[in-house]
Amino acid sequence: MNMRLNLSILLTTAIMLFPALSPANMRAPNLIWQPPSFSLSSPQSNKFKVKREKLNIDCDYENCQVQAVYEITSDIQADVAFVFVMPANTPVSARVNGTLQPATVTLDEINAWKLRNSDTREYPLYKAAFTGQVSIGTNTINIKYNQPLTLLERDYGYFTDSRSIEQFSYQLGPLKEWPLADDFSLDVTLSSLRKRPERDGGWSILKSRTIDCMQPEQKIEKDSEHLNLTVKFGKKFPDTLICKIGDSDLLEEK
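The sequence shown runs 0 to 253 under numbering that gives the first Met the number 0.
Calculated from the structure, these hints are not laboratory results. Hints may contain errors.
Label pairs and their calculated CB-CB ranges [stated by the list, open to error]:
1. Glu251 / Gln132: 31 to 37 Å
2. Asp181 / Leu205: 22 to 28 Å
3. Ile75 / Leu106: 46 to 52 Å
4. Glu251 / Ser92: 36 to 42 Å
5. Lys46 / Arg198: 25 to 31 Å
6. Ala80 / Leu30: 19 to 25 Å
7. Lys221 / Asp78: 43 to 49 Å
8. Asn227 / Gln76: 37 to 43 Å
9. Ser247 / Gln132: 16 to 22 Å
10. Thr105 / Asn141: 28 to 34 Å
11. Asp59 / Pro215: 23 to 29 Å
12. Ala87 / Arg26: 24 to 30 Å
Simulated crosslink set (SDA-like; lysine to any residue; CA at most 25 Å straight-line) [claimed, not checked]:
13. Lys143 / Leu124
14. Lys221 / Lys113
15. Lys113 / Ser184
16. Lys218 / Lys113
Glycine included, every Cβ here is placed at the ideal spot set by N, Cα and C.
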């Protein structure tokens, strides 16, 4: 009788204990969101036409160096004011036809970024402005700056090692406000490190990193140190480019 009573007590204790352990291992993920950056705004003139944009993005685990190179044809020679929006108050290098132009970065007092329209939290945006002389014919505008990455915890819990993915976002929509050449092309290259970061546990024989920009045409190549994704668009391109970087099993999760 005592043995049956003790067994009943043990079973009752286990039923009460283990459901309590499962929620205890669940906590909110650590999500560090960063706003996107934006393509160069149009000067609102039909005298200019974009022939090509080359977007090169070179990332580590926290930041990306962004280089946007535009080939623009002009019907006139003029000093033109250029503006684009970026997510952080960081230095900008701007060259127009090879000449370095001073760029100023100021808080965008009109626009802010929300993760969703329903969100109440707003993230500040910044305007980068510079002026350069364009000539009749083909002109090159070369912009460089650093962009912080969004960091999204995907594998987490009180009793589990944490793993995260990085996310790069870029708004291509402003480019659609420009007149585009018939043979317009948008070439995107994004590179990141193959080595797993220490925050995710470092080297692993079972896990490896990859990149996904969620574009059917994307191609990924690897060298000894980097993952390199390339994708090419014509005049039909998405308003927003979102690229995720991290362990392949985490990127496969929906």
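Margin query: If you test the structure against every hint from before, which numbers come out violated?
Written below: Going through the list in order, the structure violates hints 1, 2, 3, 5, 6, 9, 10, 14, 15 and 16 and respects the others.
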